[in-house]
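Fit chains B and C to the given chain A structure using the hints.
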Amino acid sequence: MTSARRRTRGRLPVVLVLPAVVGLAFLLVPLVGLLVRAPWDTLPEQLFSSSVGEALRLSLVCASLATVVCLVLGVPLAWLLARGDVPGRGVLRALVTVPLVLPPVVGGVALLFVLGRRGLVGQYLDAWFGISLPFTTAGVVLAEAFVAMPFLVISVEGALRAADPRYEEAAATLGASRWLAFRRVTLPSILPGVVAGTVLCWARALGEFGATITFAGNFPGETTTMPLAVYLALETDPDAAIVLSVVLLLVSVGVLAALRDRWISGPS
Amino acid sequence: MTLHADLRVGRAGFVLAAEVTVEPGEVVALLGPNGAGKTTALRALAGLLPLSGGHIRVGGQTWDAPPEVFRPAERRPIGVVFQDYLLFAHLSALENVAFGLRARGTGRAAAREEAARWLDRVGLAAHAKAKPRTLSGGQAQRVALARALATSPELLLLDEPLAALDAATRLHVRAELGHHLRDYPGHTLLVTHDPLDAMVLADRLVVLEHGRVVQEGTPTEVARRPRTSYVADLVGLNLYRGTAHGTAVSLDAGGTLTIATPASGPVHVVFPPTAVSLHPEHPTGSPRNAWRVTVAGIERHAHTTRVRLDGVPPVLADITTATVADLRLQPGDELWAAVKATEVHAYPS
Amino acid sequence: MRALALVVLLVVAGCGADSSGAEVGGAVDGRVTVFAAASLTETFTRLGEDFEAAHPGVEVVFNFGGSSALAQQINQGAPADVFASAAPANMTQVGDAGGISGAAVTFARNRLEIAVPKGNPAGITGLADFGDADAKIALCAEQVPCGAAAKRAFEAAGVTARPDTLEQDVKAVLTKVRLGEVDAALVYRTDVRSTGEVEGIEFPEADRTVNDYPIAPLAKARNAAGARAFIDHVRSDRGRAVLAEAGFDTP
Numbered sequence: 001m002t003s004a005r006r007r008t009r010g011r012l013p014v015v016l017v018l019p020a021v022v023g024l025a026f027l028l029v030p031l032v033g034l035l036v037r038a039p040w041d042t043l044p045e046q047l048f049s050s051s052v053g054e055a056l057r058l059s060l061v062c063a064s065l066a067t068v069v070c071l072v073l074g075v076p077l078a079w080l081l082a083r084g085d086v087p088g089r090g091v092l093r094a095l096v097t098v099p100l101v102l103p104p105v106v107g108g109v110a111l112l113f114v115l116g117r118r119g120l121v122g123q124y125l126d127a128w129f130g131i132s133l134p135f136t137t138a139g140v141v142l143a144e145a146f147v148a149m150p151f152l153v154i155s156v157e158g159a160l161r162a163a164d165p166r167y168e169e170a171a172a173t174l175g176a177s178r179w180l181a182f183r184r185v186t187l188p189s190i191l192p193g194v195v196a197g198t199v200l201c202w203a204r205a206l207g208e209f210g211a212t213i214t215f216a217g218n219f220p221g222e223t224t225t226m227p228l229a230v231y232l233a234l235e236t237d238p239d240a241a242i243v244l245s246v247v248l249l250l251v252s253v254g255v256l257a258a259l260r261d262r263w264i265s266g267p268s
Numbered sequence: 001m002t003l004h005a006d007l008r009v010g011r012a013g014f015v016l017a018a019e020v021t022v023e024p025g026e027v028v029a030l031l032g033p034n035g036a037g038k039t040t041a042l043r044a045l046a047g048l049l050p051l052s053g054g055h056i057r058v059g060g061q062t063w064d065a066p067p068e069v070f071r072p073a074e075r076r077p078i079g080v081v082f083q084d085y086l087l088f089a090h091l092s093a094l095e096n097v098a099f100g101l102r103a104r105g106t107g108r109a110a111a112r113e114e115a116a117r118w119l120d121r122v123g124l125a126a127h128a129k130a131k132p133r134t135l136s137g138g139q140a141q142r143v144a145l146a147r148a149l150a151t152s153p154e155l156l157l158l159d160e161p162l163a164a165l166d167a168a169t170r171l172h173v174r175a176e177l178g179h180h181l182r183d184y185p186g187h188t189l190l191v192t193h194d195p196l197d198a199m200v201l202a203d204r205l206v207v208l209e210h211g212r213v214v215q216e217g218t219p220t221e222v223a224r225r226p227r228t229s230y231v232a233d234l235v236g237l238n239l240y241r242g243t244a245h246g247t248a249v250s251l252d253a254g255g256t257l258t259i260a261t262p263a264s265g266p267v268h269v270v271f272p273p274t275a276v277s278l279h280p281e282h283p284t285g286s287p288r289n290a291w292r293v294t295v296a297g298i299e300r301h302a303h304t305t306r307v308r309l310d311g312v313p314p315v316l317a318d319i320t321t322a323t324v325a326d327l328r329l330q331p332g333d334e335l336w337a338a339v340k341a342t343e344v345h346a347y348p349s
Numbered sequence: 001m002r003a004l005a006l007v008v009l010l011v012v013a014g015c016g017a018d019s020s021g022a023e024v025g026g027a028v029d030g031r032v033t034v035f036a037a038a039s040l041t042e043t044f045t046r047l048g049e050d051f052e053a054a055h056p057g058v059e060v061v062f063n064f065g066g067s068s069a070l071a072q073q074i075n076q077g078a079p080a081d082v083f084a085s086a087a088p089a090n091m092t093q094v095g096d097a098g099g100i101s102g103a104a105v106t107f108a109r110n111r112l113e114i115a116v117p118k119g120n121p122a123g124i125t126g127l128a129d130f131g132d133a134d135a136k137i138a139l140c141a142e143q144v145p146c147g148a149a150a151k152r153a154f155e156a157a158g159v160t161a162r163p164d165t166l167e168q169d170v171k172a173v174l175t176k177v178r179l180g181e182v183d184a185a186l187v188y189r190t191d192v193r194s195t196g197e198v199e200g201i202e203f204p205e206a207d208r209t210v211n212d213y214p215i216a217p218l219a220k221a222r223n224a225a226g227a228r229a230f231i232d233h234v235r236s237d238r239g240r241a242v243l244a245e246a247g248f249d250t251p
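One line per chain: the protein sequences are A, B and C, in this order. Per the working numbering, numbering through the first sequence is continuous, rising by one, with the last residue being 268. Per the working numbering, numbering through the second sequence is continuous, rising by one, with the last residue being 349. Per the working numbering, numbering through the third sequence is continuous, rising by one, with the last residue being 251.
Only chain A is shown next, with the shape it has when bound in the complex:
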């Protein structure tokens, strides 16, 4: 009874706390497993080996470029879905989430069907411009963007739909075109949603494996990102695979935590 802490509201309900704790454990225990099994003594050596550095650099660059692609295309798409007067919006909204439910390998094959050397579009890219996307770093960026974009679109659309459209009307009465109103009024007001979506999108792109290896293949320095390196290392040297995973984990957690502190300050 000497405790200085006093409860301002009743006890936390067990029906919420129990599943929450189980859920947290469910997410964290596999990570603990990874960390326990990691051969910490060889970690620094692996970390500074050129092939790991190369894969890590490629992963960060490709995930960031893919995120830029997603932002440039995804934010306007989210706006169209949330505010545009397009027929069949419900169907469009469902279609946008397709890459979420599609196994990524299938997504990669679908990209090959379209942008591959003999693909619907790719054959003309190749014939007219000499552009071939598979087996290139650009291909990695495309594959990652394809898989990651729904995360951004869904978050931004949610933020847009929660935003009060009357602010856009207020901007219109002040003489702002829809584009200016979007840029100067709507976008700043949904910034937290955009940042959250960007972070999710980047994280998804960073971990992308299936679509990348299927569409862009695997060649060191060109298309071998960390997840691909992890997968191949698992074939012969599981210890190395764990080290690679831990490196990817540390870097991504570091970046995400830094972003969070910078952009998503919780309600204080």
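Keep in mind that the hints were calculated from the coordinates and are not lab data. Please note that a few of the clues may not be correct.
From the derived model, a few chain B residues whose C-beta atoms are all more than 10 Å from chain A [to be verified]: (1) Gly-13; (2) Ala-89; (3) Arg-108; (4) Asp-120; (5) Arg-147; (6) Thr-151; (7) Asp-166; (8) Pro-266; (9) Gly-285; (10) His-301.
Listed next, with one range per pair, are the computed distances between beta-carbon atoms [said to hold, decoys possible]: (11) A:Glu-54 / B:Gly-105: 45 to 53 Å; (12) A:Val-68 / C:Asp-134: 53 to 61 Å; (13) A:Ala-258 / C:Pro-251: 56 to 64 Å; (14) B:Gly-105 / A:Ala-257: 37 to 45 Å; (15) A:Glu-54 / C:Asn-120: 49 to 57 Å; (16) C:Glu-142 / A:Arg-161: 18 to 26 Å.
Computed footprint of chain A on chain B, listed as stretches where at least three residues anywhere in the stretch have a Cβ under 8 Å from a Cβ of chain A [to be verified]: (17) 67 to 74; (18) 78 to 88; (19) 92 to 105.
For glycine and all other residues, C-beta sits at the position ideal for the given N, C-alpha and C.
Just chains B and C now, kept in the frame of chain A:
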């Protein structure tokens, strides 16, 4: 440069069909109960909602005339003060006021200079850098007004501009708003459901019920000759301008009224017709205000009878049908009107 | 140790007796769980159907996957009766962990072949074309068996391959050829046979790429008799015919 609007908007289960005219420098209040179509009319004038019939013309320019012409909001020279102001939360007060100037092509430096002038005019020069959420309700209202007026619009639209304020703030903001509206040379349309706001701020009232104009005229005309019970209830106010010296207010229209709470300087004095009692002789006892009046007209409404009385000052009284019978009221009868000082409210003007 | 070996021998002999009983039917029943290399998908599915038809009451359940992944699953305690690997190394991993019962036997051999898209648009003729910078080439990554085999072939041919991609498994390589995304690739002969959409080109150095497919019953088998009987079925004349048809060499 008169504004002529024949507003016709059809929506599911609701039709607005109202004609409104506003002269330059005139303040017109669109008054009516919730759901009467006030906001629809305002949105149509703002260009946020296209007309389905009729027209909006200002001077030689047509803003809306379906099906050929529709000028969207961003291409109309308007300023709107919204009910909850809709200040942009991520912009400072100054940037909010400069927004319209920037959107209409004014350079950055010039826009900020002009915005600063407007903030100064509404007495908020010290709050130029403040974000809207740090402003009080009254301050936010003034920023919204400055933002709407900064672009020198031809038409100023005010949507329940005082509704979001608490009672105490309201008095001061109403008086200030009145000053700004008097200085503003363009057309002003004020949407409100508060008769006091309408009568204090507007030169002319347009009363809207079920999407139609049921009456229009100066506040005094409408109050003296309400055409429907709704208008009688709504606009049933005795309103005078005067100058207060302590508890005595000498009225511009002549006569003196005693108020309970001392005040000083120019005021509006208000009391409802139900506060007025009529007596055949000079009343004795508590009423602190009593003066001689002559019956000018008698109008019966659903629950009450409104009696128009000439005198110094002229006054409206709502009395029960039984009292009418008791007093055998006829136009031309001479009576005493009495109002308790506690029923008379004075607002700074 | 001798005593233990004797026991093992007796047990193996016992199993043998059981399986000989199985051949006349009746003694084998229940479920037989087979972990098999992905390259065996088509042949083992057929052999499983045959086996079920010959032994009413028996159900064969397959888990096809990469040999190394399967070996790891078995070592982590996955419930399996039979392991058929595409490489002896993975069988050794299980054997070293004490996971197999008795000795593994080689039941099939596979070798690499050049796969080109139908019509061979790039005019590939042999391994030398894999050094051409202009040709799009897909190979298996060196970490997986088909990649290691390809490396041996190039060493034997004295060719420096210039691949555009190093795929994680042979099926992924095959997909790239089928879609025409690459001009040539090295895959197993069985992979070429498995689809009508690619053409195979044999090359002399393929002898250096032969890899053995070992099969063994597992120590923790729940259905030891079934495991034995299935392995016998794979090694029977009928089994060898199915494997040969798919492009395997059968010892």
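Status of the hints after comparison with the structure:
1. No beta-carbon of chain A is positioned within 10 Å of the beta-carbon of Gly-13 (chain B); the least distance is around 23 Å.
2. For Ala-89 (chain B), the shortest C-beta to C-beta distance to chain A comes to about 7 Å, within the 10 Å cut-off, and the non-interface label is violated.
3. Chain A leaves Arg-108 (chain B) outside its interface by the beta-carbon criterion, the shortest separation being 13 Å against a cut-off of 10 Å.
4. Distance to chain A confirms Asp-120 (chain B) as a non-interface residue, since its nearest Cβ pair spans about 20 Å, more than 10 Å.
5. Non-interface status of Arg-147 (chain B) relative to chain A is broken: a Cβ of that chain comes within 10 Å, the nearest being about 7 Å off.
6. With a least CB separation of 7 Å from chain A, Thr-151 (chain B) falls inside the 10 Å interface cut-off, contrary to its annotation.
7. Every C-beta of chain A lies more than 10 Å from that of Asp-166 (chain B), the closest at about 23 Å, which supports listing it as non-interface.
8. The Cβ of Pro-266 (chain B) sits about 33 Å from the closest Cβ of chain A, beyond the 10 Å cut-off, so the non-interface label holds.
9. Remark: the non-interface label on Gly-285 (chain B) is consistent with the geometry, its nearest Cβ contact in chain A lying 54 Å away (cut-off 10 Å).
10. With a minimum CB-CB distance of about 38 Å to chain A, His-301 (chain B) clears the 10 Å threshold, and the non-interface call stands.
11. A beta carbon spacing of about 51 Å between Glu-54 (chain A) and Gly-105 (chain B) agrees with the range 45 to 53 Å that was offered as a hint.
12. At about 32 Å, the CB distance of Val-68 (chain A) to Asp-134 (chain C) disagrees with the hint of 53 to 61 Å.
13. Checked against the hint of 56 to 64 Å, the C-beta distance between Ala-258 (chain A) and Pro-251 (chain C) comes to roughly 59 Å, which is consistent with it.
14. Between Gly-105 (chain B) and Ala-257 (chain A) the beta carbons are some 44 Å apart, a value that agrees with the proposed interval 37 to 45 Å.
15. Take Glu-54 (chain A) and Asn-120 (chain C): their Cβ atoms lie about 34 Å apart, and the range 49 to 57 Å is violated.
16. Between Glu-142 (chain C) and Arg-161 (chain A), the C-beta spacing of about 50 Å breaks the proposed range 18 to 26 Å.
17. For the region 67 to 74 of chain B, the assignment as covered by chain A holds, since 3 residues bring a beta-carbon within under 8 Å of that chain's beta-carbons and 3 suffice.
18. Three residues within the 8 Å Cβ limit are the bar, and the region 78 to 88 of chain B against chain A gives 6, so the coverage statement holds.
19. Judged by the Cβ-Cβ criterion of 8 Å, the region 92 to 105 of chain B is covered by chain A as claimed, because 4 of its residues qualify and three suffice.
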